[in-house]
Amino acid sequence: MMVRRNNIFANLDWISILMWLVMLTFGWMNIYSANIMEADSGIFDLSQRFGKQLLWIGASILFAVLLLVLDAKFYTYFAYFLYAVLIVVLIGVLVFGKEINGAKSWFVIGGFQLQPSEFAKPITALALANLLTSHNYNLRKFWHLLQAGAIIISPPMLILLQPDLGSALVYFAFIFVLFREGFSAHTMLMLAALGFLFFATLIMDKVLLLLILVIAGTLIYMIVSRSFKKGAINLAWTAGLFGALFGINYLFDLGFSLFILGLVTLVPISIGLTIKGFKVKDYTNMKILAGVIIAIAFTIAVNYAMNNILKPHQQHRIYVTLGLEDDPQGVGYNVNQSKIAIGSGGFSGKGYLNGTQTKLHFVPEQSTDFIFCTVGEEWGFLGTTFVILLYIGFLLRMIMMAERQRSSFSRIFGYGFISILFIHILINIGMTIGLLPVIGIPLPFFSYGGSSLWAFTMFLFIFLRLDASRLELLR
Amino acid sequence: MNQFTDRRYIFTVAIILVGLVFIIRLFQIQVLDKSYEQYALSNAQSARVIYPARGLIFDRNGEIMVFNQAAYDIIVTPRLLEPFDTTELSRILEITREGVKERLHTARTYSIRVPSVFMKQVNYENAALLQEKMYQYPGFYVQTRTLRKYTRPIASHALGYVGEVDQKILDNDPYYQLGDYIGVSGVEKAYESQLRGQKGKNVFLKDVHNQTIESYQGGRLDVPVEVGNNLTVTLDAELQEYGEKLMAPYVGSIVALEPSTGEVLTLVSAPSYAPDLLVGRNLRTQFGNLASDTLNPLFNRALMAQYPPGSTFKTIMALIGLQEKVISVSTEHSCFYGFYVGNIHTACHLHDTPLNLIEAIQNSCNTYFINVLKSILTDVKFNNTANAYDNWRRHLLSLGCTTPLGIELTNELNGNIPESGYYNRIYGEEHWNYLTIRSLAIGQGELLVTPIQMANMTAAIANRGYYITPHLVKAIEEVDAIDPSYTEKHITSIDSANYEPVVEGMDLVINGGAGSTARNAKIQGITVCGKTGTAENPHGNDHSIFIAFAPKENPQIAIAVYVENQGFGTTYAAPIASLMIEKYLTGEVKRTWYENWVMQLTQPVVNTRRSDTTQAVNTTNDGTQE
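Same order as they appear, the protein sequences are chains H and F. Per the numbering used here: the first sequence = residues 2 to 476. Per the numbering used here: the second sequence = residues 36 to 661.
No wet-lab data here; the hints were simulated from the structure. Predicted model only: the values in this text are computed from it and were never measured. Be a bit skeptical, because a hint or two may be false.
Under 8 Å between C-beta atoms, here's a sample of chain F residues computed to sit facing chain H [to be verified]:
| hint | residue |
| --- | --- |
| 1 | Ile58 |
| 2 | Phe62 |
| 3 | Ile64 |
| 4 | Asp68 |
| 5 | Glu72 |
C-beta atoms are modelled at their ideal positions from N, C-alpha and C, and glycine is treated no differently.
Next up, chain F with everything else stripped away, as it sits in the complex (with noise of 0.2 Å):
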């Protein structure tokens, strides 16, 4: 008691006070704000996601086309790192310090907490000795991953490649984390989700030391790790090899299907690069190269080149007419040097005249077929050329002719086929007729296809009258059908009977002596059809065109093989779809003076290529890989 004891309500004051700023503060983080209950989980739960093998792939005859290697990541978790040795890292993962400083800083921004990745694809060796070492560097970890190796480098185009998630994939499809690894082309994207097979997830609980105590809560919050399904796809590995392998010299395209099935049996573009271009670390230097090759190697020609089909689409005009009822078997039109109406005139080569049908295919005479269009744009059935233009486009869409087909393959484009309106629109209603159009005939002009579907036409023909969707899915493991839309057969508004005109003027085109323009591809002891084609190109020589199938009767292949700028037909593409056949129906090639010949180039390409600063030409006419 004394003269200041009034002072001790400013202590009792003070005192509650404080207590109370506590007891609100403490209610504040206790109860009202739920985030720290997720830090303290955070803080003791780890997470381990297990990656599952990538599904194989195997081709047609079961052979094994792409599998998988293991690849080591170093992931590193900041906020656990204690101070290491710099240089013995540097040593040991053989970079420089700089580049471990980098790689953290990087991994710092990115986050303190959250792993990341700080090496991607370090070598076995090194890996494990890093792993040996590990006690020296805590808040590393190596990572298991596995990286595609392919048994013979082909089919690149149909396959694809693996690359890393980009955003837009992060930010729509939360099963990818960032650095996940994704099927970006090809095979490997359109059957993503079944190869990839399900991330499994391990919770450990850990202490401050990040060290693993036990599985969290026995297991509960696991989640068991499902290996990618097993892919079967249609190609024929080897006879691929060989497509690859012939085209090497050339710009174009080969691409042969299973009539009967619209299974892919190769898919050849040139130039091509080898797979292994691609995986992993190889995908960062080598993709820009690629990319700026002049000659387009990372193109897929077979789905995304629109070629003039020239002189093959004779056969279709053919079957149109003959369908049409405007022309029939014994229809015969004389050419002499060309076709003539007025100042009009489009060339033709000398050859015996008048021709019926299956003769002018054999010789392929422009001027039959010019005939033949003029045949049935004047029809009378029609009132006018547009109409009349109309129906005949309605024949070659029942042929696959004007839409992409739907392949898997996710950069299909389409052919062109001008519709009547795009006529009236240039020339003017009512101001065009076959005339103007009558590079339509021989199969120039506005008309483009793409290489698969000239493929899927000759199936078409091939099977007397229908086709299925080309398609590169044979089987896939632990589902039981593909997708029905590969197996339904879609009927061409041809009437089978009709065909077979045109099959035996494909067959007399090999097989039929003089005249004839594809001797060369005949084979001894089967009977292939076919019909060459050469497409006037205003760039340069003219591309080389060959369609075929065999044997005449119950084929087995489909083919369609398109060489730019080497010329006639005859010349390159026929020997090249013979050799093909050959190959596939009987397993080996015999006529291996042929085959020299084909892969010897004697003409140059238009474009400048084979520098020496691109790898992408991949073979050696062995088909050795560098």
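Same shape as in the complex, but just chain H (with noise of 0.2 Å):
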């Protein structure tokens, strides 16, 4: 025992826990500037946010401590067990939580409250680190790519429940781990580009979106074929029967809009490529008419899912942020002030418990979810973007972590965490300063709340225990 002590305190990486513990001093400095209202309150006050905050602190380390005694092998062995643990613990939430906020996301014991989401995100990173080195596993066969999914997919339906919207889109980043762990780049890009497609259906004119894609199709197939003049031909056809179909439209009155005759101009010419392709036994055509039809056909299901399927609230929100509707008032409060907030602070901020949009409560959930607001306000541009760079420094030095280990179950836990916590970061910043809409997750390691304080120190300092043992022989 004594050999092995020895071995972990030896092997481990006490820069990261000395980061960890920047971050966690900072946070609570700027929670405590939050919720500071009288000078008289000392700092272990327990009915202020900041004098829980430092119980929770204090909790994490000792927790901490207890995950690093623990040998790395349970991680391993009890993996799927935690797992299923959860996944009963989520379904129990549903039937005995509390409601908070309209979210029945809360086990309240004792004076406490716990939130069982934010304990998902480490333990589904065992698991699919667990399943992913399992024997035989092959991330290319489609039924173990199913398997992953389903671990990856099972906590955020349930999450998706109570409801909490934010905690459940987080696990989309898990996606990351797989494309690291060989998760085919095609697939990746194809996936990316649907995001971007996404965006650009909300933001422009269909009509304009269709006409890109047929052009970007085209373009496709020049460069793919090597011919310039075969897809100036195809283009050439399309335009002219466009045209045709327009002027038909126009002359007789007959009321299409511009995106229905762009369709209906598609379905000769997709048939006519169609055929040709069949006769010439080149394929490409068809292919990259396939991926611009599959296109198409995504932006008008984005088109209805806005309109129809996502509520008036949320819709606004999405538009809020992609600065197509203006609302000071509502929705757009919340970032609006966070913006004033932050930008009031300057180049060197307002000074430590200077804040004035902070100290008045003009930012809304300012001890968490909009905790750098306060960093802004008070500590200036300085400020943030030391935090901004700590968070950087801390992220890189995972990845330079995960890539030393031996051990693929290791690896693949380490870029879960790494993972969630970019999630978390690039979300949670983002909203703050008007990039991105608003969505409700914590800055890890800053915000308010034993929770995620707890779920992220157990990601954290899981992935210490493993890398302190990266030495030991392969399992």
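Once you've looked at the hints, go ahead and assemble the two chains, each given alone in its own frame, into the complex.
What follows is the structure, encoded as structure tokens:
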């Protein structure tokens, strides 16, 4: 035992722990500022948030020690078990949980509240790592991929039922883990393209989008088949047919929209190209065509979903972020106040404990989702840049550490941590500065909240434990 | 380490890229864009404007004429609204639910963040009730304002009214905000900057629930409020009220001045209206009524009506004639029912003949004065009529007849006394002479003056040779002296000595016995000097005119009365002037039978008036107000 413990301490990555402590401390300082009202509360005042957070920090340090003490193998053996417990607990919270702010996400035990959806993150990572390192597992096999998908998707599905959209959304980051482990780059690109297409649908006029897709398809064809002429001919046919249809529509005043006309044009074109393709046995055209058609179908689906499935306030949130709608009083209020708070910080901030926006509670959810505002207002550009550089540094170090693992399990788990951490930072900070829609998720190690703090601590220290035994024999 | 290790670089690049984008964005909003600082400040600060009480207005004897009453506006800041019981609110404010919604909509459209007026001039009870329940209506507050109140319902034209600022003022003067009040006419406008005081400001620190925490930085940004200066006007409130009472049945004007100082004792324009009609909320509803009244009660006849002076002008003709030495006191002309030259004829009433100057004034002989005009225009000093005419006109200028006099009110108009060029254009040079324009000699024709010019002329005669610009301000609190233009003596071009015969004539007009045209204006124990006038009116009955001053020596009051469409000057204008003088000099009127007679109108006025829809005509005969 002694030897092992020495091993741990010798191989433990102290730099990460140091960074972790800096984050906790700085985070706590900002929570203090965001919550301090009267000068005479001591810092240990448990009725105040900063007092409680101090408690959580203390507890998480103990928790961290506990996690380090456990054997690294513990995590591999119990991965699935913990995952099963997790699923049960997530179902349980739907039944026995307490509803706060419209979501049944909490267990209340004693005077304390626990949010299982936070712990689901590291546990899902454990289970995923376990699956991906199981015997004969091959990511390229469809059935195996599906299993990974199931592990990734089950917790968010349950979380969505609470409902807690923000927490569910972050699970999408696990795709990055799959990517690192060999998931097809092409597919990733496709998914990314779909993502862009999604936003393009919302922002652009659909006729323009249709035009762009057709031109893009033609260009791709030109590049792939290395023939300018063929591509130009196709385009000319398409344009000609469209022109004819437009003319007919106009002359007879048929009243079809440009979009419909465009779609109708594509039908004979598609048929023509398909037949030609079969004749010449050259299927590139068809593949590209298929791609274009799928893209168009996707945009139509997105439009439908946006207008008919999403609730108005959700649509509104997205539009506000995209700058399509202005709403300084409603949904945009949070972001507006947030930007004001951060923006008013200037270069070096208003000084610790001097933020007017913070002090006067202009920013809602100030110690939780919008904690970054306090940083921005009181510490200015210097402060915000410091935090971002700290996070970047931390993430890059995690990447370095993940790559030095001999055990795939450790590496996969590491990337799980990195992906989840990254998505939280991206969305949370992005939201406070108005680049992303308002999605309620915490800023790791900064936001007030016991569950979030412990969950991320768990994530970090399990990884640190695994990392500490990286030099042991391969499992 | 595995075959996909290189993919780590994608992660690395992505992370660094995102970090970079964030830092750039933060740089943009924190360092480059300065506007957020402003928003933050406006978030946390809240300024409450403190409105000063408007200066009071006193009459020349220190009686208060205009004072302030508190009015309560309900202000709303839409951004701070939370759901509330609209039914309850509509009940408290006594408006409909739809009314509440409409007003909220108006406020929201104006601005979400800036407070705006939700409802104006709520009565005290409702405001108090709302104030009690204010905690149920976050986003609203009650703002106290002052509205004008009048001790007597008089002098609307002279005092003017206070209304809301319009866009033009907002654009030009940054002192005023939307919803502020400003003097729109009369003395309220002329002395606006004195009366309004200076707005103050209290800046508070407030939190997101709009609860005031404390005074911002200990009141560093606060601006102390300055109360408006009180104003003393030259009007005699009691005399003014009396004058309006006498003129109640008529259309016309009374202007009374104190000759030695140019102070305006009364300024009456009939028909008039009660000043309360244009206060606060009434303004919106009543102004339309008043504006569309066919008798134009809003029109200040004292300053804006251009009337032919009629025979009162003969006094001026006499003065000019004497000054030009083309006539003397003993110059006589005979008159037998009028003036005749060739085919040209101007009628005159029957009287002794021949008459000298003083007698001609006493009897108001047309023939005499046409001859005076002839003498003036054919004066050998000037080689043609036009030059002689211009010289004649020059005298009128010095008597204040050809330009607006310069009283503080902004709507003073000029009379009309054409220059020779006018006649040259109409008749051709050298093609006109005294005969062509003989009606000017008796105060008719193109000759037009305003009542204030007539009164001023009369004051010049009373002073025997000078006048001071008529003005309404006597004193302003905190200010040592009024504008020097209101104390400057304007010496006329007529020598003092030449006034005496004219004064004599005017004395005889009232006190001279047989032949005098205004014996009914005589007051026991006071020597009143005056002159009647009857102006022909092609559209209806003649206008009745009278000018007078009293006492003859050391005169205290000079007055001009103009009554439209009431026939001879003697009949209506003279008694009114006489009663006014008696009231002013003795403090009471003993000839109450005369009073009653004057106030019982028998002649109808030409235009339709006094229909039931207008509230313009203000008083019943005992001066009580609706």
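Here's how the hints hold up against the structure:
1. Ile58: 6 Å, holds
2. Phe62: It holds, given that the least Cβ distance between phenylalanine 62 of chain F and chain H is near 6 Å, below 8 Å.
3. Ile64: Where the cut-off is 8 Å and the nearest Cβ of chain H is about 4 Å from isoleucine 64 of chain F, the hint holds.
4. Asp68: Nearest chain H Cβ about 6 Å off; hint holds.
5. Glu72: 5 Å, holds
Checked against the numbered hints given earlier, the structure satisfies every one of them.
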